[in-house]
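Engineer: Keeping their order, the protein sequence lines are chains A and B. Using this note's numbering, you'd call the opening residue of the first sequence number 249 and step up by one each time. Using this note's numbering, you'd call the opening residue of the second sequence number 249 and step up by one each time.
A few of these clues could be false.
EDC-like cross-link-like pairs, simulated, lysine to aspartate or glutamate; straight-line CA separation at most 16 Å [stated by the list, open to error]:
#1 B:K256 - B:D357
#2 A:K382 - A:E556
#3 A:K256 - A:E556
#4 B:K507 - A:E301
#5 A:K507 - B:D583
#6 A:K284 - A:E301
In short, the hints are calculated from the structure, not lab data.
Number of protein chains: 2
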Amino acid sequence: MNLDDLTKRQGAWLHGDGPESDVVISSRIRLARNIKGFPFVSHANSTDLKAIEQTAVDAVTSVLPENTFACLDFHAISRDDAMFLQERQMVSADFAENVIPRSLVMAQDESYSIMINEEDHLRIQTVASGLVLKELWEKTNKLDDLIESKLDYAFDEGYGYLTACPSNVGTGLRASVMMHLPALIETDEMAKVMRSLEKMNFEVRGMYGEGSRALGELFQVSNQKTLGVTEEQIVEQLSDVIPCILNYERMAREELLEKNRDGLLDRCHRALGTLQSARLTSMEEAMKFLSSIRLGVRMGLFKDVSVELVNELLMNIQPVHLRKLAQMRGDGSNDDASLRARYIRERLAGLGSKDEL
Amino acid sequence: MNLDDLTKRQGAWLHGDGPESDVVISSRIRLARNIKGFPFVSHANSTDLKAIEQTAVDAVTSVLPENTFACLDFHAISRDDAMFLQERQMVSADFAENVIPRSLVMAQDESYSIMINEEDHLRIQTVASGLVLKELWEKTNKLDDLIESKLDYAFDEGYGYLTACPSNVGTGLRASVMMHLPALIETDEMAKVMRSLEKMNFEVRGMYGEGSRALGELFQVSNQKTLGVTEEQIVEQLSDVIPCILNYERMAREELLEKNRDGLLDRCHRALGTLQSARLTSMEEAMKFLSSIRLGVRMGLFKDVSVELVNELLMNIQPVHLRKLAQMRGDGSNDDASLRARYIRERLAGLGSKDEL
Numbered sequence: 249m250n251l252d253d254l255t256k257r258q259g260a261w262l263h264g265d266g267p268e269s270d271v272v273i274s275s276r277i278r279l280a281r282n283i284k285g286f287p288f289v290s291h292a293n294s295t296d297l298k299a300i301e302q303t304a305v306d307a308v309t310s311v312l313p314e315n316t317f318a319c320l321d322f323h324a325i326s327r328d329d330a331m332f333l334q335e336r337q338m339v340s341a342d343f344a345e346n347v348i349p350r351s352l353v354m355a356q357d358e359s360y361s362i363m364i365n366e367e368d369h370l371r372i373q374t375v376a377s378g379l380v381l382k383e384l385w386e387k388t389n390k391l392d393d394l395i396e397s398k399l400d401y402a403f404d405e406g407y408g409y410l411t412a413c414p415s416n417v418g419t420g421l422r423a424s425v426m427m428h429l430p431a432l433i434e435t436d437e438m439a440k441v442m443r444s445l446e447k448m449n450f451e452v453r454g455m456y457g458e459g460s461r462a463l464g465e466l467f468q469v470s471n472q473k474t475l476g477v478t479e480e481q482i483v484e485q486l487s488d489v490i491p492c493i494l495n496y497e498r499m500a501r502e503e504l505l506e507k508n509r510d511g512l513l514d515r516c517h518r519a520l521g522t523l524q525s526a527r528l529t530s531m532e533e534a535m536k537f538l539s540s541i542r543l544g545v546r547m548g549l550f551k552d553v554s555v556e557l558v559n560e561l562l563m564n565i566q567p568v569h570l571r572k573l574a575q576m577r578g579d580g581s582n583d584d585a586s587l588r589a590r591y592i593r594e595r596l597a598g599l600g601s602k603d604e605l
Numbered sequence: 249m250n251l252d253d254l255t256k257r258q259g260a261w262l263h264g265d266g267p268e269s270d271v272v273i274s275s276r277i278r279l280a281r282n283i284k285g286f287p288f289v290s291h292a293n294s295t296d297l298k299a300i301e302q303t304a305v306d307a308v309t310s311v312l313p314e315n316t317f318a319c320l321d322f323h324a325i326s327r328d329d330a331m332f333l334q335e336r337q338m339v340s341a342d343f344a345e346n347v348i349p350r351s352l353v354m355a356q357d358e359s360y361s362i363m364i365n366e367e368d369h370l371r372i373q374t375v376a377s378g379l380v381l382k383e384l385w386e387k388t389n390k391l392d393d394l395i396e397s398k399l400d401y402a403f404d405e406g407y408g409y410l411t412a413c414p415s416n417v418g419t420g421l422r423a424s425v426m427m428h429l430p431a432l433i434e435t436d437e438m439a440k441v442m443r444s445l446e447k448m449n450f451e452v453r454g455m456y457g458e459g460s461r462a463l464g465e466l467f468q469v470s471n472q473k474t475l476g477v478t479e480e481q482i483v484e485q486l487s488d489v490i491p492c493i494l495n496y497e498r499m500a501r502e503e504l505l506e507k508n509r510d511g512l513l514d515r516c517h518r519a520l521g522t523l524q525s526a527r528l529t530s531m532e533e534a535m536k537f538l539s540s541i542r543l544g545v546r547m548g549l550f551k552d553v554s555v556e557l558v559n560e561l562l563m564n565i566q567p568v569h570l571r572k573l574a575q576m577r578g579d580g581s582n583d584d585a586s587l588r589a590r591y592i593r594e595r596l597a598g599l600g601s602k603d604e605l
């Protein structure tokens, strides 16, 4: 797989469709798995790590249909390519920055990725657009079964799957949902929602940046507990709580429309107009405006702007994507703020209902 | 003269042309005159005021060519119309808000206005686009001579023209130049320039709002001394100092272009894009952005935006103009911020070199 080709399209999980996609960007499930008979990554020497990598790569690639995935030796790829795949959320920051023998197996449509020698021997991740936790769990379970047919997982009858960190022991499962919550932020209700979720043992964090000032107003809600519950219970508990947050966000949007319609329209139109004309923009500012544009699209303000385009911009204005795209276009500027503004301007040129004054 | 008709065009002084019009908006000259044999306005009773008004109106209108001017009885016009003429800078705030018998004689092209019963019996004002103080003084002098041919001015061989306020005694002349100084503000040099001018006995003030935070970055520079100098000296002294400020501003623009070209382009393009898309905008914000657009036009960034259009917007977004225009268009909104944003959006729609990315 040529990584440059990936810049030409977005992962399937960024198509902006699926259930509840007015608020839910994507659902994500991750399994932590280790192979019996090998030490955990943190205790393994170089020979062990290479053996684990070889064993896992062989098993995984043997069960996947040909020409649907790529297998990348992370020890051999450039730092830029590693960061590029991190920006695409195919690998974790730790995995991208590590120096030990490690590999990535990923679907060409980016619907799953398997990190080998991350914290655990295998980290199996699946992701899809919209709120589809149950379907995604079924898919993940099948993928896990397929791999398990070729590998002997470290498993204890009492504890369940054994993992490098005790917090993952048991199911080794983490389910998460990425949500766009601009109205809860604007109405100052986000902090309250976060506190409630944390009391119920869900973790909430900004996708980019911390706390309620998260860039792009994107939040990831996930389970904290992995032990003493079944996989189905984890998925069900998260599936039960997300509709509550969804409703809060939708009610907040209604409230804003009712109480300050002009202000809301101003925010959305102004965001598009500014990004269509700015010559310099920081990552922070661009994400703030893209959040407003996403809201505008969902409110039906910009008929010719798609959520998929907003997602593409969100992905491509990240530093490594930005530079890769600029190189491909022969854009020689060294200044990220200028490159970013130009890229966004080109992609948004002529869009937005200018006639609807 | 139907005041509504005035909204369809701008005064000649707002055409955006004339010498040094990259920085100088307009030149203005004002003469304070009183009629011999009548008390000053502040000491006159109602009978006196009416007699002064009648005498002045008769004299002035008898010397002006027919169909080139309007004579308005300010006692009879509505408060809105009075404010409207103040926004157009045809009358002072005091004159607009006063309740005594008073009249305005103004040129249809708004090149001069004569307030009768302002602080002095007559306040003769002329105004023109660009830096044209000497030509304007000649024109004003001729107009003054014409009126003096019909009126006996209060004049003292020692002091010169006698005026209600001692600060105007002598020539009764105040010459002023309105300048657009965005680069001096951006480079933090405006305060220094203001201090220097004040040391040289020139007065500098923001056209709208005070100090270096003047709205629209527009400043009026004028003489303070009216006694002990001839009219020609006043005009000459001001004509001598303006080119220094002009040069400072031009140098500051060059410096910005050299040191922070992207930042400057960003500021100008972003201003246009924001005003083309905003749904709400305050007077303060709109003037800030119009200042940046004016700068962009002068730098050749927006080939299809004229300075005259910027001037028109600057005039028409003022509260009374805004409401008058909205009424004429049947725009029923009661919210100034919304009316203002819509008006600007309509006038700027499709402009700006979108192709030049």
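Engineer: Going through the earlier hints one by one, which of them does the structure break, listed in rising order?
Structural biologist: Numbers 2, 4, in rising order.
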